[in-house]
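A.B. asks: Chains as they are written, first to last, in the working numbering: chain A, 1 to 394; chain B, 1 to 335.
These are calculated hints, taken from the structure and not from any lab test.
No residue lacks a Cβ here, since even glycine has one placed at the ideal position from N, Cα and C.
Since no wrong hints were added, every one of them can be taken at face value.
Just some of the chain B residues that point at chain A, by a computed CB distance under 7 Å:
id, residue
1, 262
2, 291
3, 292
4, 293
5, 333
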Amino acid sequence: MPSLGADMQFGTLVDWRVKPGDTVKRGDVVALVETEKGVIEVEIFDSGVIESLVVQPGQKVPVGATLAIVKSDGKGVDAQPAPAPIVEKPSAEEKPPAKVAATLPTTESPRLRISPLARKRAQELGIDVETVTGTGEGGLITAADVERTAATISAAPAIVQTAPPVAKGLDLTAMRRVIAAAMARSKREIPHYYLATTIDMGKSLDWLAAENAKRPVTKRLLYSALLIRAVALALRDTPELNGFWIDDGFKAAAGIHIGVAISLRQGGLINPALHDVDKKNLDELMESMLDLVNRARTGHLRSSELADGTITVTNLGEQGVESVFGVIYPPQVALVGFGKITERPVAANGMLGIRPIIDATLAADHRVSDGHRGGRFLIAIDRLLQEPEKLWEN
Amino acid sequence: MRHGMSAEKIKTTYREAVRAAIRDAMLRDERVFLMGEDVGRYGGCFAVSKGLLDEFGPERIRDTPLSESAFVGAGIGAAMGGARPIVEIMTVNFSLLALDQIVNNAATILHMSGGQFNIPLVIRMTTGAGRQLAAQHSHSLEGWYAHIPGIKVLTPATLEDARGMLWTALEDPDPVLIFENGLLYNMEGELAVDAGAVDITHAAIRRSGKQISLITYGGTLFKTLQAAEEIARDGIDAEVVDLRTLRPLDTATIVESVSRTHRAVIIDEGWRSGSISAEIMARIMENAFYELDAPVARVCSVEVPMPYPKHLEDAAIPQVPAIVTAARRVVTGHE
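Let the hints inform the model, and build the full structure from the sequences given.
C.D. replies: What follows is the structure, given as C-alpha cells:
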C-alpha cells in the first residue's frame, strides 16, 4: 500500500486493474485505492508479471502492506508494487522472498481509541470508524459518536451510505481531519518565514494574448501555467526550497514536482503534483494541469501524484484575494502563493502607470533556507515572468 | 423462595433483623444453635444475640473462649454430626485465626470424604471499616473468601437480606459465610412483618437505570444508591446492582445489566489489587466486552492499613463523592 500523502495511515483496495499472469510495465495503473482523499489510481513502479494478488477488494490495510507479488523481468521475485516515492527503494538483496512477504502480517497499525460497543455499532451501521470523531475520555470514540456520525451521513444525501467495507466517493469529514493533522503538524513543527513581492504581469499577459490569438480555443494557455513554469525554473537555482524535511534533515528532491492546491467543490483541499514541470514546455504543462484538475475533481488521481509534490503552489487569485501566506504541506519545505492580478498604479522611472500586478509570496521552512535565498527565489520568478518567451525553453 | 410479603411493615434495624433471623431459625429447627465469643451472657459484641440466652438457654446459645480456630473447628464437627451450627466470629479480622478450619476443612471435607460428609455450617461475622477501629479491626476480606471453592459467601446489605439469608444458608448442605457490615447494624428501616427466607443465588437490581451500572454489595450499597441519586440530578441514569452473594457470583445479572447500560463502575470496600472488584471486571470483560462503551472503573479502598483518625479513615474507604466522580467520568468522559 503506497503512501498517498504524509498523513495517510491506511488505504482500502477498491479494485484491481490487473490479474495474476498479467504483464505490467512501470507506470501502469494496477489498482484503485480509496483513501481519505478519495479514490486514487495506483501505478506500479516495476515491470514484470503479476504473480498473485495479496489484498482483496474491500480490504483496508496500513501503508506499507504488501498488495501484490510481482515477478520482475528476469530478476526473480520482487514483492513491492509501489513504494512510497520519497522512501528510498530497498535493493533487491534486501527484499524478503515473495512467499514470506505474502504471509507476513501487515505492519503495525496505530490503535484507534474506540470502545468495543462503538466498533460493533459502526459495523452494524456501516460506518467507517476512521471517520468518527471521538468525544469520550481522551478522544475515545463511543457508541453515541458512531450514531451521531451515522445520523449525519443519512442526513446528507450527497454521500451514499453503503454497507462496509467500501464507501465510494469522498469522505469529507476524514479529509478535513487529514488536512487538520497535516496543517497542525506544519504549524507545530515548521518555523515558517514569509516573503512577498509584487510582480508586473504586463509582459507576460501581452505575450500570452499574442500567443493565444494564434491558437484554437482548446489549445489556449492560461497565465497560471506561466506562473507554475516560472516557479519550476526558479527552483533550479534554489534547490533548498525543493524537497523534504525528513528525519531531522533536509533532502533535496531529484525532480521538480509542483503540488497544486486544488479546492474541491464539495469542500476540502487536495494537493496533487505536476511532474517534472521544469522539463515540460508550456503546452505539455497546460495539458497536464487541465488533466490534473479534472481528475482531482472527479476523484481519479494517481498514487504518484498525491505523494510526491516537492513544493506547493497555491493560487487564490480566482477567489479574488490579493495575497496568500500559506501553510507549508509537510514534509515539503516551501509554498508559493499567488493572488489575483489587479491593475494598480505603479511609479517607475519617474512615471506613474497602471500595471497588472500580482502578489507573489513565499512561505518557507527556516530550518532549510533563509530569507536571503527565499528573496532571490521570488526575484527570479519575477525576472522569468518579464521574459515570457523564455519560459518556453527548457 | 421469597415469600409474598405482607403490606404491613414494622420499624426495625439491621441488628434486630439479624436477631430475628437467628431466633426464627432456633424456633424452626432444634438442630440450630449459636456459638461464639460473648454471644451469650454479653448478648453479642454488637448486641445481635441480646436476649437469646434467656430464651433458648446455654445449650443452644454457647459462649466460647477466644479461640477462633477451636470453635470454628467445633462447628465443623457439629455440622458433620448432624447439627446446624451458626458460628459467630466477632469480626472478619479474627477469622484469620480460623482460616485453616474454614479453607482447609470446611471447604474441602465434602471432597476429601468422597462426598460422604456435607458441612451444613453457617459462619456469621462482622466486616468493614468506618468505625475508627484502626488497622487490625477494619478489614473487608469477604472478597478473599470468595476466592475459595467449597464455600458460599453472602453479603446482606438490606433489612430483607439480613432477615432472610440466614435460614436459606442453614438449609444449604455446604458451608456458608455471612458477612455483616458493621456500619449497617444501626440502620433503621421498615420490614414486612412476615419477612422470611430469601434466595441467596441472585444479585438484585436496587435501582433501575439506563446509562451506567454501579455494581456493589454490603456496606457500600447505600453510599452507591446515594451517589446514583446525585448523578441523576445531572441527568445520568444509573442502575445499582447489589451483588448480595460474592460466591458464587451472579454473572448473568451483572452481564445483563452492563449489556443494557454499556458502562460500569464497581464499588468495593476491599483493597483494589486482587479484589472481588477485579474479578467482576474480568467477568464483564469475558462476557460483555463488545457491550462496553467505556473502560470499567472501580472505587475501592485505598491500599493502606486502615488509619485510625476519622478524616483519614473516611478518605481511605469508598465515599459518595468518589462514586459520583467515577460514574460521571465513565459516562461523560470527564469529571
